[in-house]
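Residue numbers (UniProt numbering), protein chains in the order written: chain A, 1 to 138; chain B, 1 to 409; chain C, 1 to 120.
Think of the hints as simulated: they come from the structure by calculation, not from any bench.
Please note that the accuracy of each hint is not assured.
Claimed, not checked - Label pairs and their calculated CB-CB ranges:
| # | chain 1 | residue 1 | chain 2 | residue 2 | range |
| --- | --- | --- | --- | --- | --- |
| 1 | A | P13 | B | A407 | 46 to 56 Å |
| 2 | A | W117 | C | G35 | 16 to 26 Å |
| 3 | A | F12 | C | S86 | 33 to 43 Å |
| 4 | A | G45 | B | L127 | 24 to 34 Å |
| 5 | B | D252 | A | D99 | 53 to 63 Å |
| 6 | B | L331 | A | R134 | 48 to 58 Å |
| 7 | C | P118 | B | D338 | 51 to 61 Å |
| 8 | C | R17 | B | K215 | 52 to 62 Å |
| 9 | C | P118 | A | G132 | 51 to 61 Å |
| 10 | C | Q102 | A | L18 | 22 to 32 Å |
| 11 | B | V136 | A | R134 | 11 to 21 Å |
| 12 | A | S2 | B | A109 | 47 to 57 Å |
| 13 | A | R23 | B | V392 | 53 to 63 Å |
Built from N, CA and C at the ideal position, the CB exists for glycine as well.
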Amino acid sequence: MSPRLRRHERPFPPDAQLPHPPRPAGLVLDARLHLLDRQLDDVDGTPVMTIDDLELETDADGVTTVVHLLSGPVLATRIFGGRPPRDRWHRVAWRHVADVGTVVRLGIRGDGLDVLWVERWLRDHVIGRIPGGRHAPE
Amino acid sequence: MKKIFAVALGVLTAIGGFVDIGDLVTNAVVGARFGMSLVWVVLVGVVGICLFAQMSGRVAAVSGRATFEIIRERLGPRIGGANLVASFFVTVLTLTAEIGGIALALELASSVERRLWIPFAGLAVWLVLWRVKFSVLENVTGLLGLTLVVFAVALFQLGPDWGELVDQAVRPTVPQGEGVPTYWYYAVALFGAAMTPYEVFFFSSGAREEKWTAKDVSQSRLNVLVGFPLGGLLSVAIAGCAAVVFLPREVDVTSLSQITLPVAMAGGKLLLALAILGIVAATFGAALETALSTGYTLAQFLGWSWGKYRRPAEATRFHTAMLVAVVVGTLVLLTNVDPIAVTEYSVVFSAIALPLTYLPILVVANDREYMGEHVNGRTTNALGLVYLVIIVVASLAAIPLMIATGAGG
Amino acid sequence: MLLSDLLDAPVRDSDGRALGYVVDVRLVLDGPLDGVLAAPRLHGLLVSPRTGTSFLGYERTDENSPALLARWLRHRHRGTFLVLWSDVVRPDHAPGPRDDEQAVTLRGGYHRWDPALPRP
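Just chain A, with the same shape it has in the complex (with noise of 0.2 Å):
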């Protein structure tokens, strides 16, 4: 069972009617609602990873933002708990992003990216060594 407070442990009535905050200037996103867990493309549509987990970071004016899409070993510990080592976190920044919706899409090609090593690794070791590998379909 995934943790609850048990009703008479509740701060506050359940169904109080809470003010609206004020309005925020930009696109509002929920994280885990709109952007955790969802698929990441490059600019030409090519899947590139899933979203994983996000990096945050505050500047010198206390302003906290997302920095980082990451992925990788990420996903491992948000299942089983822990925290990969800074240095096995796949990066992509941010400043790549040129879309959010029910994909989030990269201004840029996804080839280059660190987080694609093992698709390029079987190709050049495997997928593409198999004759017809590199062909369309018939």
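Dock chains B and C against chain A, hints included.
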């Protein structure tokens, strides 16, 4: 004219593609033991798969998101991952059963031992996955699978007591000598065979393979709503043949040659040859669908590049996953397990894995961010919720029934 | 900091009273321009009495169908509220693993806001 052809092709493919080794074996086993008294389950299952296949196809066509992307997105890595593990396991098990089915059918046709056919069947499946275009593989196997219609022909030629068959179907009772838990165990198995999760993985991913858009939704709905029920009728005909031939003689069906025996009795060698061709096509088609589904589920969950419309070198992890799945299935069969037994387990495990697949489809089919104006109507939602309850009940009941009955023993 | 460090963390007020769990993190694209889009600024935390099932999002949107499912999930997440990031006492910026007891603590006099997503 071209349009009519496309519509007909879609429907015929859906009919031929509906029946796989799971439907074939489960319906024959059930027909031999319970007559027509479980036909209502096939009906419930067919309505269910129509409902959710149509929904997943619509979601994929409108939003461009295939089913496992949605599962990951809505259920998150933990619950979605649990679903991935379960669905992947069931799909590989089903793939194993289908490859076994191809080998068994070829054994029937050639009298060459099935173990010699297994590596050949596995290799053939992989070669087609590797080199043949999606639409070709889908249409050819679907159309050849249509020859299974000989089971319906055979049923007529056997000249059964129709009143008796209809009576079994509309007033279902547990036959003498069978326990009530066994009856329900096979009900779950039939339900699982009709609603196997790979069908929606394949169907929704296929919509992407063929680059469907919102304009293609009505065509896809027609394929499903006409094709699947007619495919369901083929299932019923298979059960009917077994009911007519085996039930009165109290013979259990344990082999593929028994499944085809009624056809041979009714129509001789020609009909039998067609039946075997149909079984090879149906199991081969389903082997392709399940193998593709192993690639689809993994790739969509992990965000890999996937699809037959890409060159293998542009979807390398996807192709590697399928290659590994086919090799694993083939190796499992070479250990001399009985493909029929593998099939019987795969349909029951399917029933267990169902709820976590169908819930996110239902939720996203209602989400206007994804679907715009193409969200579910009220009737679809009402039916969807009813089926969600049925699916959860079947899923929860599967393991206890399996233990209580010794897997249907 | 990883987003998952915040997700599912227990939330306490300054007296240490348990208020619920972080079920989601609200971002607003009004940070400094970073590439094509503005950087998503951490705007606030969504706090619910329970952690499960909020990923379906019914308590924050006006989606109402399928009606029974929507009503049930919304009922489960009654009492969900938004707190602004400025009302959160920053967890020490130490990037080490969050031990499970480490809660997000709110300032005294924090505000609870309606969790609904603003309509586009």
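> Which hints from the list above does the structure break, by number from lowest to highest?
Replying inline: 3, 6 and 13
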